[in-house]
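These are the residues of each chain, in order.
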Amino acid sequence: MPEIDIADFSDADKADLIQFVEAEKRRATFQTAVNNYTDVCWEKCITRVNSSLSKDDKTCLSNCVERFLDSTIAVLGKLQGTAPSH
Amino acid sequence: MAISKTEVIDQVKREMALANFQRINSKCFKLCVTRPGTTFTSAEKECVNQCTDRFQDAWNLISQTYMARLKRDGGAH
Chain B
1 MPEIDIADFS
11 DADKADLIQF
21 VEAEKRRATF
31 QTAVNNYTDV
41 CWEKCITRVN
51 SSLSKDDKTC
61 LSNCVERFLD
71 STIAVLGKLQ
81 GTAPSH
Chain U
1 MAISKTEVID
11 QVKREMALAN
21 FQRINSKCFK
31 LCVTRPGTTF
41 TSAEKECVNQ
51 CTDRFQDAWN
61 LISQTYMARL
71 KRDGGAH
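From first to last, the protein sequence lines are chains B and U. Just so you know, we're using the UniProt record's numbering here: the first sequence kicks off at 1 and counts up by one. Just so you know, we're using the UniProt record's numbering here: the second sequence kicks off at 1 and counts up by one.
If you are wondering where the hints come from, they were derived from the structure by calculation, not from laboratory data. Be aware that one or more of the hints could be misleading.
Claimed, not checked - According to the in silico footprint, chain B covers these stretches of chain U (three or more CB under 8 Å from chain B):
1) 39 to 51
2) 54 to 63
Unchecked claim - Only pairs whose alpha carbons sit at most 25 Å apart, straight line, appear in this in silico SDA-like list of lysine to any residue:
3) B:Lys-58 to U:Leu-31
4) U:Lys-45 to B:Val-40
5) U:Lys-45 to U:Gln-64
6) U:Lys-30 to B:Ser-54
7) U:Lys-30 to B:Ala-7
8) U:Lys-30 to B:Thr-32
9) U:Lys-30 to B:Val-21
10) B:Lys-44 to U:Thr-52
11) B:Lys-25 to B:Lys-44
12) U:Lys-27 to U:Glu-15
13) U:Lys-13 to B:Ala-7
14) U:Lys-27 to U:Gly-37
15) B:Lys-14 to B:Val-34
16) B:Lys-44 to U:Lys-13
17) B:Lys-58 to B:Lys-25
Heads up, the beta-carbon is just placed ideally off N, CA and C, and yes, glycines get one too.
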C-alpha cells in the first residue's frame, strides 16, 4: 500500500475521510469491548458447536456479559476504594 | 501514484476483517481440534465450519446484550 498523504485529497474527499475515521473510532471502541466479552464468554459458555446456538448457550452468553460487567464495576469500585492517595 | 479515498477505506476494512478472522480461527481450533492427529478429519472440518458461524452468532448476541445494558445504565461504562 502506497504512503498516504492527506494533502493529495480534495477537500470533499478529506471531509469524507475524516467522517469515516471518526465513525470508525466510535465503532472500534464498541467492537473492542464486544470482542473482549465474546472471548471471555465463549470460553465460559461454549463447549461444543451445532447448527445453531442452543437456548442454554444464548442464556449463558447473555448472563455472562451482564455478570462480567457487574464484576468489572465491583473490581473497579474496590480498587478505587482502596487505592492509596498520592 | 496517489491512493484514492476508496482504497483507504477498503484497506481499513480489510485489516479489521483479518483481525476478526484470527480471533475466530484460534477459538475454533481450540474447540474443534482437541487432539491434533495426522490428518484434518471430516468431523474437525465440520466442527470448524459450524464454529465459525456460531462464533459470529455469539458476537451478535453479545453486542445486542451490551447495547441494551449501555442504554439501561445510561452509558455509564
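Q | Non-conforming hints, listed in increasing numerical order | A | Of the numbered hints, 5, 7, 9, 11, 15, 16, 17 do not hold.
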